[in-house]
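Make a model of the complete structure from these sequences and hints.
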Amino acid sequence: MKSIHTIKDIARETRIVRSRVVAACVGVFLLAGVLVLRMVQLQVVEYEHFSTLSEDNRVKIVPLAPTRGLIYDRNGVALAQNTPTFTLEIVPENVDDMEKLLTELRDVVYITPEDIKRFRGMLRKKRRFQSVPLRYRLNELEVARFSVNRHRFPGVDVHARLTRSYPLGASSVHLLGYVGRISEEELQSVDAAEYRGTTHIGKTGVEQAYEALLHGEPGLQHVETNAQGRILRVLERSDPAPGSNLHLTIDASLQAVAERALGSENGAVVAVDPATGALLAFASTPVYDPNLFVDGIDSRTYQNLLASPERPLFNRALNGQYPPGSTVKPFVGLAGLEHEHVSDEHEVFCPGWFRLPGRERRYRDWKKWGHGKVDVKRSIVESCDVFYYTLAHEMGITRLHDYLTLFGFGVRTGIDLHGESAGLMPSEEWKRRSRGQAWFPGETLITGIGQGFTLTTPLQLAMATATLSTRGVRLRPQVVLRRDDASAHNGVDLVPETLDTITPNLESNWQTVIEAMADVVHGEKGTARRIGVGVTYRIAGKTGTAQVFGIAQDEEYDAEKVDKKLRDHALFIAFAPVENPRIALAVLVENGGSGSKTAAPIARKVMDHYFQEVLDDNEGELILTAIGVPDSGSHGAIRRR
Amino acid sequence: MNKLQPLWTPVRTLAPTPSLNAMHDQRTIAQRLHMDIPLLLGLLLLSGIGLAVLYSAGGQDTNLLVRQGVRLAAAFTAMFVLAQVPPRHLLFWTPWLYAIGIALLIAVLAIGDVAQGAQRWIRIGPLNFQPSEMLKIIVPMMVAYYLGDRSLPPSFLRVLVAGFLVVVPTLLIARQPDLGTALLIACSGVFVILLGGISVRLIAACAILVSASAPIMWYTMHDYQRQRVLTFLDPEQDPLGSGYHIIQSKIAIGSGGTYGKGWLNGTQSQLDFLPERSTDFIFAVFSEEFGLSGVLILIAIYLAVVFRGLYIASQAQDSYARLLAGSLVLTFFVYVFVNIGMVSGLLPVVGLPLPLLSYGGTSLVTVMAAFGILMSLHTHRRLISE
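Chains as they are written, first to last, in my numbering: chain A, 1 to 641; chain B, 1001 to 1386.
To be clear, the hints were calculated from the coordinates, so they are not data collected in a lab.
Worth double-checking, as some hints may not be accurate.
Pair ranges (Cβ atoms, derived) [as the list claims (entries may be wrong)]: (1) B:Ile1208 with A:Leu123: 56 to 64 Å; (2) A:Gly155 with B:Ile1111: 42 to 50 Å; (3) A:Val40 with B:Arg1032: 41 to 49 Å; (4) B:Ala1074 with A:Ala160: 55 to 63 Å.
Stretches of chain B that chain A covers, calculated by requiring three or more beta carbons in the stretch to come under 8 Å of a beta carbon on chain A [claimed, not checked]: (5) 1158–1171; (6) 1248–1254; (7) 1257–1270; (8) 1289–1297; (9) 1321–1331.
The beta carbon of each residue, even a glycine, is placed where N, CA and C say it ideally should be.
If you want it as structure tokens, here you go:
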């Protein structure tokens, strides 16, 4: 107990303590006021800010990848589709002993050490409730075997995903292209928001060129997640819109025939409907399997493809640039006729060589002893070089360049594929600009026979042939016949696009050249007369043999002696039927030797198939309204009945 | 509070003290049980709110609720028991309790169990025991005992001695280290000195001294304590580390708005964004779900309890009772202020629970024990002689 001796002023003490208690009350009140003000600040003044942050915390937007559009040929044969593939996936949080599980799984499913390594890598990056794939592309046997044993493996499941696949494999790969996993650079070039959730993108061919249509519109899912990112429920969902299905202009069977006809050769066949510009076949050999690229090609296979001397990845039809050789002669001949340098009857004597006035150098004809007296028609049928040396010399390079450019030589065709090569139609100006040199008269001569600087792609040659066949209508080549667009009810059909129209000076000039080309196949002396045997329709064609390397003045070219790589390229251009052209094509065989022996038979096979199988099949379904062709003359689209 | 006025009995300090027997028949049941009804109602209300918020914060886990219920029962029992102890007994035992407390603190530093990097527990038989909790009550008792013994205001020398009585246990606890508890104990001691009527000039001098010693404190702090201070100054600096608590807590409070998201509907808390939501950060859960309106009501209840306690202090009959009651109530307010200030980003993150709302046992028992003493001081007051 307290000392009772202390004398205290109780009243004063009470007063002091009470005054302090009152001060404390005020203090408490003020501090509580501070708290209240703080709450008002957070909950009223900054409410919007924190409310937004809270929603951002809670609601995540999960993109739903659209299903990629399918690709068919003109008859509905599937070229690219989405097939379910099976992936073995593991949710880590449901697994007690991962090591034991992996060991036991190996008895059921084939798992390589690389699979396990990749799996462990992904395991570290993902959260424990996220599914991590262990094996891709299980086969059906493995799926079945796992399903039977599934009760042994909690946390492991087989997921079906849609994967792009190309049922025809390597066929038409250079047209179709392939999809592969999106790279960082590709993400930069597309609208990243559209591609959240999309894993694959078109890398080449139609898959690349029509990416925007094939991809579709992604859907969105607003989901509520907790702090760990686990999805608790779906708040809102908008379904993705699948990509448009495309029907290509090509016919899968014709394409296969073209590829088979090329066989083991490296080459290209481009066939086009001259009335519409629709490609009928677009082959480049060798081919490769696009399915390899879909889920990432292993580096060894890829290195082999890259290193192969045949260069299978190279699209010869689109990017191969070759001298046109003699296939250019009908165009040069027509130029001469239209510019009135020669007439139908005009004849040139061919002694087997040509010499520029006042010069020593002889420009030789392929026929050593010469063709004798040659008119335009015979010059095409027999492919006389001297006639064209003479004609080219008289016309001059500028006129030659200008006229051939009208047919699209040295100009991109504007095909709806990416990365087309332009070829080259030389001119004085071009040479001055690119080489800093003057044009030499001798160069005009060899340009006249499709050698020298001139370079064309098989696609360009086919389109030039089509222009010739339609008497001057230059169309843009197109590969998509019809697209099933979500916005248009019945789809959007191909609309032929005229790039240019060459107005004939004299209709009969064209007739002369075309008849001469018909004689190339059907005439007694035609260079391609061998493919005219037993043909039921009339073909107009022109062979070509393009020199890969020059031979010395007096040396003779002997195919047997030179290395295969240095052998001449074989070319052939043709259209048929002559009266009402339904197909125009260009065939190129690298180092194939002679156009008549190697290239022309390929063209015959393609055309035979086209007239016997394809047109018969399609006649009932497709009405091809030709344009620019004198017979019909009206512009129009391909329509479905 | 006005309608509760009939329960107060005006105090006449110089009135002759009647014998216990003589008073017997006039007392109400509450008085006989030594309960202060307004205080009890406030505490029960807070406990009820606490259980409701805990149910939401703990993911509707009834086990958690049952455990907290058991703790509350224990705490209210402690309050009830202490309320029966006459203040003169408390007064008598004060120096002994203080000596035992200091001895235990030293023992903790010497032989205590280490839990989470801090040495706070001591094992006596089967019981785990945290002496620092005890001292939250013993220190103000001791200072009140010392200052109340002589006439107020205390002389400078006596203030120094009182200061020494506060500093020793504070330093011992800070060494454990337990900054939150040390702070509270220092406060509880200082409140006694302030209520004792030391001169305003001395208060100002001390304030200057404290602020001057801040840099020295900085160097004696542990890394995690420094980190808390740094995080307080700029939480966005470390949004995924220690700043995460405060950022998420502010989002929870702010997004509650005026009326809140509704009970069990707070997304910040229900979806795990808010850490420590059952314990130290439970106020953020409350604010998110009940909004500013709920917050105002909750603060009002806390203030009602504090003001009732201060009223009890002012009505106490002797200096010891006045100083002790005032200090205990103000310490309770410090709990509330520091916790809410911390959760709302006004103060650094010190690990202090929100009394009666936060999940957890030890501090709850201490707080309720303090209220038990308060009730004892109030209900026994006419039975002790001046």
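Checked hints:
no.: 1; hint: B:Ile1208 with A:Leu123: 56 to 64 Å; verdict: holds, 59 Å
no.: 2; hint: A:Gly155 with B:Ile1111: 42 to 50 Å; verdict: holds, 47 Å
no.: 3; hint: A:Val40 with B:Arg1032: 41 to 49 Å; verdict: holds, 44 Å
no.: 4; hint: B:Ala1074 with A:Ala160: 55 to 63 Å; verdict: holds, 57 Å
no.: 5; hint: 1158–1171; verdict: violated (count 0)
no.: 6; hint: 1248–1254; verdict: holds (count 6)
no.: 7; hint: 1257–1270; verdict: holds (count 4)
no.: 8; hint: 1289–1297; verdict: holds (count 4)
no.: 9; hint: 1321–1331; verdict: holds (count 4)
Going through the hint list in order, the structure does not satisfy hint 5, though it satisfies all others.
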